[in-house]
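Chain A is already provided as a structure; the job is to place chains B and C on it using the hints.
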Amino acid sequence: MSARKQVATGDRAILPEGAKTIPIFVMGKRYEVPETLTIMKAMEYAGFKFLRGAGCRGGICGACPTVYRGEGDYKLYFGLACQTVVEPNMFLAQIPFYPANRAQYDIETIEPLADAVHALYPEIFRCVACNNCSKACPMKVEVLDYISAIKQGDLARAAKLSFDCIQCGMCAGRCMGELPQYHIAQLVRRLYGKYMQPGAAHLKKRVAEIESGKYDALLAGLQKMSHAELEKIYKEREREPDMVGLGTWMPKDVSHL
Amino acid sequence: MKVSYYPGCTLKTKAKHLEDSALASLTALGVQVGELPRWNCCGAVHSLADDDLIHHVAPVRDLVRAMNEGSERLVTLCSMCYNSLARANLLMRHDEIKRKTINDFMNEENDYHGEVEVEHLITFLRDTVGWDNLRAKIKVPLSGMKIAAYYGCTLVRPKDVAIEPPHGRVMNEFVEALGAEAVDFSANTVCCGSYQVLAHPDVVVDVVGRIIASASDGGADALILSCPLCEYNLVKKQGELLQQQKIARKLPVFYFSQLLAMALGLGPESYRPDRNDAASVEFLRSKNFPVGSASVQP
Amino acid sequence: MAIEISDKTINHEFIEKINQLSGQDIRLCFQCGTCGGACPMSENMQTLPRRIMRMLQFGMAHRIADVETGWECASCHSCTVSCPRGIDVARVMEAVRLLVLRKNINRIEPSRLPDGAVREMPQVALVSGFRKLTS
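Protein chains in written order, with the working numbering: chain A, 62 to 318; chain B, 30 to 327; chain C, 32 to 166.
This is chain A alone, in the form it adopts within the complex (with noise of 0.2 Å):
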């Protein structure tokens, strides 16, 4: 497979001329794929193709979590395959799911209480304080820290501490506690937002005009306009000059602000 020369479609990737080739261990079996690959690409270099296990490839969706080690060392180490760079002789599963426990709630009518956080998800007080979660969390989040931040009733801490973690499971699949993680932390952030976090006033009054149909005029007189009408406005538009220093520069016109 080595000496083959690939040209890649679709996903796969195209190999840049004279590209050397490594070896990597996915599911316990020997493939050689071009180094500086991601393990995603690596794996569909290799002829998988993913069902589950992938989504947004830019690092933020948390489909592709992906367990892996390197030869003669103990250490597990997580990463996302669409983010993280193949190195020799790696050893690597994905686990796109984990069979965590998601309470069911209803967000209209539940409070902001660390209780009622609880009451969904009593096995939070079965943490050890291991801390294997952060180890395992690929966004660097301290998963241990926005445990202890729930447990101590402090909703607004854990959902700023948690807000970095995109879902992937990886905590909860190295809980000594069985704890499912990051299902407790998205209710607190879920109730955060919902209830606690203040609301933008500027972004309330806007809300307010729109409603009050100060903006129905001028959408009306768009609707109106030919495609060569807009594409003039468009084009004649008053732009904010780059590198503007803060509060230093308003539009002629100011009607609609």
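There may be inaccurate statements among the hints.
Capping the alpha-carbon separation at 25 Å, the derived lysine to aspartate or glutamate pairs in DMTMM-like fashion look like this [as the list claims (entries may be wrong)]:
#, chain 1, residue 1, chain 2, residue 2
1, B, Lys-279, C, Glu-151
2, B, Lys-265, C, Asp-119
3, B, Lys-41, C, Asp-146
4, B, Lys-45, A, Asp-215
5, A, Lys-255, C, Asp-146
6, B, Lys-275, C, Glu-74
7, B, Lys-45, A, Asp-176
8, B, Lys-127, C, Glu-74
9, C, Lys-134, B, Asp-80
10, B, Lys-45, A, Glu-132
Residues from chain A that keep clear of chain B, each with C-beta distances beyond 12 Å, as calculated [stated by the list, open to error]:
#, residue
11, His-179
12, Gly-260
13, Gly-274
Honestly, the hints are just simulated from the structure, not real lab data. C-beta: ideal position from N, C-alpha, C; glycine also.
Quick look at chains B and C alone, frame taken from chain A:
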């Protein structure tokens, strides 16, 4: 000497009256303690199996954090936290092999060898503040109150972490320093049933009944304690005893620090009677202590 | 009921396992019963700790499995501090519990606790209860 304060999870929610009254009192006494900036649950109970090291990791991690802060002492208010932190500390100090295994496992933290001293607030008051100093700062002596000081288990057992030798009097000395009368009662170190409230709640009712009877027979007006699990069991199960007509009235239950704040002349926003049950609030009223906006709970 | 005790019935491996888990030597027990006298839960126990110690000394693994004592223990260490033979009986009770818990068997189910109980109980109750009674 830098002293850090370890609250424990319950003190941030259900036992807020323990924390608020203690911290306000320490401020009134001119003592500075800073809350550990990053801490996790101590695990509440010490693991008793010889081969089970993972359950020591939680308290040791807190001790590492205290060491990292440069603290020589870690003061706790919750008896269970005191017990689990103190026992883990002894293990890390004296068991070389287990210490190495635990330190190796926690490779993301600094190695720990028992550098920090774990202490409960009650002995901190005796040894660092001093009874004489405390007495000098009392503004509202609790004279006429007969107080049963309940230790429970975790302040006095096992022996190697007991805050004082068997039949010690530190809690009674505390009560007396506040100007109240300390009531001796035989059940002062009898377990309240602890976590068995989850599995055998009815047995806990019986055990609590025996403790309350012992304190009441000694003539106590109220009982003080420092453990949120004891507090829950003693208050909650007295309600059931009352329903079953096994007691005529509930014995008021307070955290020791609530009485401290009251005696120091602090207001209800410090001793937080709003977190106590109706019987306890009624007791405060009868002694002419302001109860603020305490709503009467059953 | 007659109980046969002979070299055939004594499970020596079981005795060794309990000693290893607890770090205690259960042979030291001389059956005085002080543990049960000190135990706050004993009034409601079917089988007192002294009898458990005897069953353990005879390696009666199958009988231990049916006894509730370890699950009624509150780990208060009253037995431990009063044992004249210096046995940390609380550790022996922990070993008895772990024989079950380490097989991934829960004694109480956190998911099935009443919603109201979890809301009402202090965190220390849940943490300590789950540590002692779940796998």
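Hint by hint, here is what the structure shows:
1. B/Lys-279 to C/Glu-151: holds (19 Å)
2. B/Lys-265 to C/Asp-119: Violated, at about 31 Å.
3. B/Lys-41 to C/Asp-146: holds (20 Å)
4. B/Lys-45 to A/Asp-215: holds (13 Å)
5. A/Lys-255 to C/Asp-146: Answer holds: A/Lys-255 to C/Asp-146 is near 23 Å, not above 25 Å.
6. B/Lys-275 to C/Glu-74: holds (17 Å)
7. B/Lys-45 to A/Asp-176: Holds, at roughly 14 Å.
8. B/Lys-127 to C/Glu-74: violated (37 Å)
9. C/Lys-134 to B/Asp-80: holds (16 Å)
10. B/Lys-45 to A/Glu-132: The hint is violated at about 51 Å.
11. His-179: Check fails; 9 Å does not lie beyond 12 Å.
12. Gly-260: Answer for A/Gly-260: holds, closest chain B Cβ roughly 26 Å.
13. Gly-274: Answer for A/Gly-274: holds, closest chain B Cβ roughly 46 Å.
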